[in-house]
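Asks: In case you want the letters, here they are:
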Amino acid sequence: MEKILLTLNVNGQDYELYINPKTLLVEAIRDHIGLTGTKRGCDTVSCGACTVMINDMAVKSCSVLAVQAEGCRINTVEGLEVNGELAPIQKAFLDNGSYQCGFCAPGMLMSAQALLNESTELTEWEIKEGIEGNICRCTGYNSIVRAIDATAKGKYTEAKS
Amino acid sequence: MNKYTVINPHSKFTVLNTHVHNIDGIAKVTGRAEYTFDVKLPGMLYGKILRSPHPHAKILNIDYSRALEIPGVYGVVTGKDTLGVKQGIWRRYKDLCDEQILPLDKVRYIGEPVAAVAALTEEIAEKALDYIDVEYEVLQGVYEPLDAIKKDAPEIHEGFERNINVTRHIEWGEVEEAFDEAEYVREDWFKCGGQAHMCMETRAAVSSYTPEKKMTIYSSNQSAYYMQALMAGVLGMREGDVRVLAKYVGGGFGGKFELDGAIFCSAILSMKLFRPVKIVYTREEDFIATKRRTPMFYYVRTGVKKDGTFCAREAKVFTNGGAYTGMGATALYLTGFFHSFPYRWKGYRYDGYRVYTNTLPSTSMRGFGAPQAMWCSEQQIEWIAADLGLDPIEMRRMNSHHEGYEVPGQATIASCGIDQCYDEIKTWIASKGELPANRAIGLSACGFMSGGIFNWFDTPYSFSSAVVTINQDGTVELHVGAQEIGQGSNTTMAIICAEALGVKVGDIKVHSGDTDHCPADLGAWGSRQTLMTGNAVKMAAEDAKKQLLEFAYAQSGLNIVYDLDIKDGWVHAIARPERGEEFVQLVRKALRGKDGQRIVGRGYYTPHRKGMISPAYSYMLQGVEVEVDEETGKIKLVDSMTAHDCGQPINHLGLIGQLEGAFSMAAGYGYLEYMPYEDGKLMNPNLVDYKMIRATEMPPANIAEIDTYEPEGPYGAKEAGEGLTNPTAAAIGNALFHLFGVQMKECPVRPEMILNALKEKKEAQGK
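As they're listed, the protein sequences go chains A and B. In short: position in the first sequence from 1, add 242, done, that's our numbering. In short: position in the second sequence from 1, add 245, done, that's our numbering.
Okay, chain B solo, but in the shape it has when bound (with noise of 0.2 angstroms):
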C-alpha cells in the first residue's frame, strides 16, 4: 500500500508531528457530528429557490400569487424583498461587487435564483415552485470568453467593455532582452477545463430571524466570518446582530466562503416570515447553481538557453468568469503569479483577462488558479527539454528556486526543499526499472502559498486571532475564528496550542464556528489557517504559559540564570528537568495570585513586510506512472510518488489525509471531471455522469516529506494539501507524452482525445 517516509525529521516535540487522532474524530464515526444538513429547529420551514431556466434574460415580471395559495405555503419572496444590495467578496472595489442573489432585473446564467418559496415541507415548496410565473425576455446569451471578448458580443454587465470583469498585469525584469537572450523559444496554447467542488454536503443553510431584529444562520461554509460581514451586509444589519455557526462542515474545496443562495434565500424567508427556513441544496441545483474551478485559455511563450537555462516566459490568460466575479479575482491573479513556480525567470510577463460570459461563476477551488497553471507550465517544460534533448529533472533542478531567492519585486522565499524533491523522485524512477509497454511516468513540480496577504475584503481585523482560557483543574479553552472544514484545522491548533503551552491534546477544547464566541478570522481558503491561525495560536498559548511562569519563577527560588518551561503537563527548571510540580498545581496559584480571575493568553496575526502575494511557500515533485489502454483510450492510474515540503509537519496524520485527498481530487482534474456546456447548459450535473475517483481508480499516494523549517511558520510550518491539487494534471499529460510522443493540450484528458491524438500521429507518419 503506502509508504510514507520523512526526511530530516526533527524530535524535539512533544505533541507536534505525533499520531495524534483527530478531535473531531470520534464525533464523526458515529454519528454525532452535526451537520447543517442536520440542524432542525423548532417551527422550521424549509425551502426552495426557482431557477431561471435562461443563460440571459430580463425578468420582466414574477407573479406568485398562485403558489400562496397552495395549502402549507408560507410565503414567498423575489428580488423585491432585497435591499438590492450588489455583492461580492471583493468589497474593496465597489465595481467586483455584482452579484444580486435574486436580481431585480436580469439573470445572467441558468440556474440563477429568482425566487424563494418556504413551506411546511420540503415537497410543498418544491411543488409551490410550478406555480410562480415569471415572465422573461430572452436575450442573446455568449458563453466562451473569447466569443465573449468580441465587439458584437451581448453585454452582460453594464460597463464592462467587450466583458471584461477584471485583468491582471504581472512583470518584472526586462523581458524582451531576456527573450533576447534566449536560444529556443517555444509557443503554446492550451485550454484548461472547469471543475466542481463536489462536497459531500450539498449548500445548506437554516436561517432564523427574530423579534429582537437579530439573525442566527446555521450555514455549511469555509469562514463564519466572511458570511457574517457579508449577510450583515445583504440584509442590512450590524455584523455584531448577525450570528453565524458551522461547528461541522461536509467540505469546502473554495466553493464555500462566498455567499450562495442557500444562505442568502433562506435569511430573507425568515426575515419576512419571522420562522427559521431551512434551504438544502440537491446535488444538481450544487453543480449547475454554485461556483466552479474557472476554466482558462493559456498562452505560453518561454525562452531557455541551449543548456536549459531560463530566460524568459510570457503568458496571456483569458479565463471564463461566468456570470459573476465572485473569488474568481483572486484565481486570476494567482494563476498568473503561480505560472512562474517553482523556477527563476529573468523575465516574466502576466497578463490575464477575466471574462464574463453567461455561465455558471468562476471562482477559487482547492490551488486556486495554480492547477491550470501548471498543467500548461509544466508540460511545456517537459516538451522543450525533449526538444533540446535535456534531462527533464535537471533542467527544472537548475533554475529552481532555492533559499534566500527573491522572486523579484513580488517574494522572498525564506525556505525551499525542491532540490531534495528531485533527488527523492529521481530515487523513485530508478526503483521502477524498466515498465511495461503501455506504461509511463510523468513529472510536475509546483509550489504554492500559506495563504494570502491581500486584504480585499477590507477587514479591520487582524487576518487571525486566538484566545486561550486556563480553567482551574487545567483544562483549557481555545477559542479560533478558523473554520474547520475536514482539512482537520480544530485537530492542528489543538497540537499547536498543546505544544507551546506544554499540556496534552486531550486537556484542550476547541471552539470555532461561531461568531458569538470566537474571533474574527478569514477563514479556511488560500492554505492560510495553519501557518497564520498556527501563528495566533502559538502566541496567544505562550501569553498564557508566560503568565503562569512568572508564578512558577517568583517561588522557585532559581538563580536568574535559569530557566522554567512546561512539557506534557510538568512545569520544570529546563536544566534540571527532575525538579518541579503538576500543571494544574501551577494553575491553581496563578489563580490565586490573580485574585481568581482566569489566565487569558491572546494572540493574532497579519502578515507584514512578505512581499505581495503570501508568507511563506511549500514545494513539491510528483511523478506519476500511468497506463493507456490504447484500445479505448482509458487512462489507469497505476502508482505514484510525491516529494514534498512544507517545512515542519504539525499533524501528521492530518497531513498524510490532506496529501492524499489533494492527490486525488487532482487526479479527477487531469482526467475525469469534465463540465461540459451547450448553449449555457451543464451537460453532466449529476454524479453518474460527472466522473470523478473512485476507491478503484485510486493508486498509492507515496510521500516524501522533506521537513524544512518556515522562520514565518508556527514551529516552522507552512502550506499543505492544497498545494497539492497543482501538479497531479500536468503529471498525467506528461505520461502521456513520453508514452506516444502526443502532446495534450486539453484537460482534463478524455479517452477520445487520446484515440484521436493516436490517430493524427499515426496519420502524420503515414506522410
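Next up, chain A with everything else stripped away, as it sits in the complex (with noise of 0.2 angstroms):
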C-alpha cells in the first residue's frame, strides 16, 4: 500500500508523518512520533490503556487510524505536566497511590481527564463509569476513584503555564 503524507497535532506540537494508511493512531504516537508513555494492552479495544484525548474526549488510541485523527488536537500523557509541574490529576495519583505497576495509569489519567474536563460535579457512579473502559490489574481501582474525586473538588492546584 503507498505510503501518505499526513500531519498529527500531539500536546500542541504538530508532527509531519509519511507513514501506511492502515497506521492505528497509537502505532502513529509510538512507533512514529516516538511519545512511548501512551501504552498497548489488547488487540480487542478493552483495556484502555492506550487511551488519549482527542479534542478533549477519551479515545482509545487503537480504535481509530492516524488519518482520522488529522486535523485535531490530540493529548496524551505527556501534554498534562507543564513546565515540570505536575497536573492536578497526575499529583492526586501520586498522593492516592493509584498506579502500581503504572502501565494502564497514562491511559488511565487521559480517561479521568477527560472526565473532569467534562465535569468537576461527579459522582462516585459517574467516576466509575468514566473509567469503566479501563483495565488496571493492580489497584482494584478505588484509589484511582479516590483521586479523581479529590481532583473534581479543586484538592490539587493547577500548573502554571
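Just so you know, these hints were derived from the structure itself, not from any lab. The beta carbon of each residue, even a glycine, is placed where N, CA and C say it ideally should be. Incorrect hints may appear among the rest.
Covered stretches of chain B (chain A as the covering partner; in silico rule of three or more C-beta atoms under 8 angstroms from a C-beta of chain A) [to be verified]:
hint : segment
1    : 440 to 446
2    : 611 to 625
3    : 908 to 915
4    : 939 to 953
Quick list of in silico lysine-lysine cross-link-like pairs, DSSO-like style, CA-CA up to 30 angstroms [stated by the list, open to error]:
hint : chain 1 : residue 1 : chain 2 : residue 2
5    : B       : K372      : A       : K245
6    : A       : K264      : B       : K372
7    : B       : K517      : B       : K372
8    : A       : K370      : B       : K677
9    : B       : K881      : A       : K395
10   : B       : K285      : A       : K264
11   : B       : K257      : B       : K990
12   : A       : K395      : B       : K677
13   : B       : K396      : B       : K436
14   : B       : K879      : A       : K370
15   : B       : K812      : B       : K834
16   : B       : K459      : B       : K436
17   : B       : K834      : B       : K372
18   : B       : K677      : B       : K754
19   : B       : K749      : B       : K492
20   : B       : K517      : B       : K459
21   : A       : K245      : B       : K285
22   : B       : K936      : A       : K370
23   : B       : K749      : A       : K397
24   : B       : K881      : A       : K370
25   : B       : K990      : B       : K436
26   : B       : K561      : B       : K550
Assemble the dimeric complex from its two separately framed chains, guided by the hints.
Replies: Structure (C-alpha cells):
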C-alpha cells in the first residue's frame, strides 16, 4: 500500500508523518512520533491502556486510524504536565497511590482528565463509569476513584502555564 | 468510599508507615517510565513466534526456506538452533526440568512455540509465519487430570507413570486417631478453576547478543537474577556474561519468573543474527502461551467435635499441571500447607498429585495455591458450623493459630493477630444491621507466608542482599536485587533504608532490576521481598550507620553510657537530642577519616531455623457483602471489610494499594475469571470474553490493620498483598450459602451455576 503524508497535532506540536494509511493512531504516536508514554494492552479495544484525548474526549487510540485524527487536537500523558509541574490529576494519582505497575496509568489518566474536562460535579458512580473502559490489574480502582474525586473537588492545584 | 483504620498503632518511627509517595511515581504518571514494551535499540529487529495448533503432536519436519525469501526477513530459528536444554525453575531436580522452549521432538499444548522469525518489522515477521511449513504427526491429547491419570491415557512425558508429574505429602499427628475422636465428619469434593495473570504489560523481551559473546536482555520479569541464571543455562553461557534489565515491569502476579517464549526466542534469534531482537506477545498469545493459576480438584474430609473443636483433616488434590512443571510443583506443596490454615489440627494429612495434561502449563499465581485451598476449606468450615448449629466466627476463633503455636514439624507462629480480626469483622457485621432480602455476607479466614525457605532453584547466593553506599553530600545509593513489579518494593526498601540510616526517603536512590549492578536476590515471589530483602536492607543501612557513628563517637567526648543515633538527618546523643550535627557533616568527616573511601554498608538474609515453609505468617479475615439477581443469577459485590495482620506496616500507601488490588483479583477469581477449554483450546483468549473486575464492579475494600510485631521481619513486618488473594472466592461462596442455602463447589461461580443450584433446590423442596 502506498504511504501517505499526514500531519498530527500531538500535545500542541505538529508532527509530519509519512506512513502507511493503515497505521493506527497508537502506532503513529508510539512508533513514528516516539511518545511511548501511551501503552497498548490488548488487540480488541478492551483495556484502555492506549487512551488519549482527541479534542478533549477520551478515545482508545487503537480504535482509530492515524489519518482519522488529522486536524484534531490529540493529547497524550506527556502533555499533562506544564514546564515540569504536574497537572492536578497527576498529583492526585501520586498522592493516592492510584497506580502500581503503572502500565495502565497513562491511559487511565487521560480517561480521568477527559471526565474532569466534562464536569467537576461527579458522583462516585459517574467516576467509576468514566473509567470503566480502562483495566487496571493492580489497584482495584478505588484509589483511582479517590484521586479523581479529590481532583474534582479542587484539592490539587493547577500547573501554571 | 473506603475506610482504613489501624488498630494499636505504633508511632516511634520517623519514616516507616508514614504517607510516602511511591518513588517511581512521577516516572509512572508522566509516561517517562520505560518498560520493556518501550525499549528500542539501534538496529533492532522484531520477532514473532509460530505456535502449535495441536495440543499433542510429534514434530516431523520444519521447512522455513520460503519464509527466508520474504524481503525484510532476517532469520528463522527452531529447536535445532538451540542446545536442546530441558529447563525448569526447580533446578535441583533434573526430572522436573522438562520444558524445551522450541521443542525438538513434540509439542504438548496449543500455543507452544515451534519456530521464531526475526524481520525488519513486526508486520513482516507475522507474515513470514505463514510461510513456515511444519509437518506434524498428531497424537491423542488428554486435558483433565482425572482423565490423564487413567491407565490408558496418552503419555505426555516419557517416564512419568500415569502422567503424574509431582506428588507431595504433608502429615502431622495421628490422623486416624484424631478422626476417631471426632463426633462429626464431613467430606466434599471441590473444583477450582484456573486464572490468567493478565498483566497489563504482556510478556516482552529485547535481547542483544554481541561479538564479545555477551548477551544483554531487557525483559518484563519478576526476578532479574532468575532470568540471568536460567538464560545462561539454556544458552550455554556464563551467568556473568548475561545481563538482564527490568527497571519497570507492567505487572507480574506470579507469572513472570520462569522463562517464556519471548525471552528465549528473542535471545536465540539474536545469537544467530547478532542483532537486537524484540518480541512482544499479543494479548491472545499472553492468554494461550504463558502460564496460569493451577486448576485443582480437591477432596476434603474434616472431623470435628460437636462443640466445634477441630480434630482432623484429610485432603487429596489432583491438579491440572498442563504440559510442563514450572512453578507448579511449589503451588502443589503450598496449597496443601495453607489448606490447614489458620487452624490447629491434631491430625492433618495432605496428598497432592500434579498431573500433566495437554493444556497450557499451570504455575504460581498470587496466592500460590492458597486461594484454591481456601475456596474448599473455608466453605466446608462454614457448612460444618451450620450443620452443628454453631457460630461460624466463634468456631473459627476457638480453633485458630495463636502466637507461639507450632504447626507440628512445619512452622512456629511468632506473631498472630487473627483473634483481633474476628472482633473487627464482628463489629463490621453488626454495623450493617439487617440486610435486604437479596443480600448476604460471607466470611473467610486465611494466613499466608512471608517468603519461602526452600531452595529448589539451587542458588549459591544468600536469598537477599543489599549494598548501601553513602556519597559525600549525604545522598545514598541503595543497590538491591529485589524486583519492582508495581508492588512498590523500591519504595518499601527506600523507606526501610531511610528509617535505619536516619535520613529522608528523598536522599535515597534505589538501584534494582539490573543484574550487572545489583546483588543477586531471588526476586518478587511468595511475598518474600519485604521480609527478606527488607532485612538485608536494614542490615546494610545499620552497617553503614555504625561505621559513620564510630567517627561521631570518637569526637563526641561523651561518657560511654550515652549512645548516639541518627534520625531525620540529625546525628545526636539519644539522651540529649538537641546536641548534635547534620548527617552530611558526619559523612564528610568519615570520608576524610577513611582516606577518601566511601562508606559502604552490606547486608544479606537467608532464613535459618524457621521450619519448612516460611519465616513468618500473616493472618486475615474477610467479610464480603454479596447481592444476587435471582432472575439472571448475576452477582454484585456491595461492600467488603478485611481485618488484616501484616505485622508492622512499612509502606502505608503501598499497603492500602496492595490490599485493595489483591481483593479485586481475588474477587475476579471467585465469580468472573473463567478459563474454559475445549479439546485443549482456550475458548476466551481475549479481554472481551475473559471477564474481570472493572471499576463499576469494584465494591469498597475497607481495611482494619491489626498492628502486631513479627520478630523475624524488619521492624516487625511480614507479608501483605498476596495473602489477600486467598479468602475472597470462599467468602463469596459463603455469602451465596447464607443467601440461598446452596453449596457452590466449583469456582469461579458463574450465573448459570447459581440458577441451576436454585432450580435444584426448588425441585428438592417440591419433592
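Asks: Examine the segment 908 to 915 of chain B: at least three residues should have C-beta closer than 8 angstroms to a C-beta of chain A.
Replies: holds (count 3)
Asks: With a cut-off of 30 angstroms on the C-alpha distance, tell me whether K677 of chain B and K754 of chain B pass.
Replies: violated (46 angstroms)
Asks: Given the hinted pair K459 of chain B and K436 of chain B, is their Cα-Cα distance within 30 angstroms?
Replies: violated (47 angstroms)
Asks: Taking 30 angstroms as the top limit, are the C-alpha atoms of K812 of chain B and K834 of chain B close enough?
Replies: holds (18 angstroms)
Asks: Take a quick look at whether K245 of chain A and K285 of chain B sit within 30 angstroms of each other, Cα to Cα.
Replies: holds (23 angstroms)
Asks: Quickly compare the C-alpha distance for K749 of chain B and K397 of chain A to 30 angstroms and report which way the hint goes.
Replies: holds (26 angstroms)
Asks: Establish whether the coverage given for the segment 939 to 953 of chain B by chain A is satisfied; the threshold is a Cβ-Cβ distance below 8 angstroms, and no fewer than three residues must meet it.
Replies: It holds, with 6 qualifying residues against the three required.
Asks: Decide if the proposed pair is consistent with the structure: K879 of chain B and K370 of chain A, CA atoms, cutoff 30 angstroms inclusive.
Replies: This hinted pair holds, its Cα atoms lying about 19 angstroms apart.
Asks: Just to be careful, I want the Cα atoms of K561 of chain B and K550 of chain B compared with a cutoff of 30 angstroms; is the pair within it?
Replies: Distance of about 22 angstroms is within 30 angstroms: holds.
Asks: Can you confirm whether the C-alpha distance between K372 of chain B and K245 of chain A stays at or below 30 angstroms?
Replies: With Cα atoms ~19 angstroms apart, K372 of chain B and K245 of chain A stay inside 30 angstroms; holds.
Asks: Check whether three or more residues of the segment 611 to 625 of chain B sit with their beta carbon closer than 8 angstroms to a beta carbon of chain A.
Replies: n = 0 at 8 angstroms, threshold three: violated.
Asks: Keeping to a limit of 30 angstroms between CA atoms, is the pair of K264 of chain A and K372 of chain B held or broken?
Replies: Between K264 of chain A and K372 of chain B the Cα gap is close to 16 angstroms, so the pair holds against 30 angstroms.
Checked against the numbered hints listed earlier, the structure breaks hints 2, 11, 16, 17 and 18; every other hint is satisfied.
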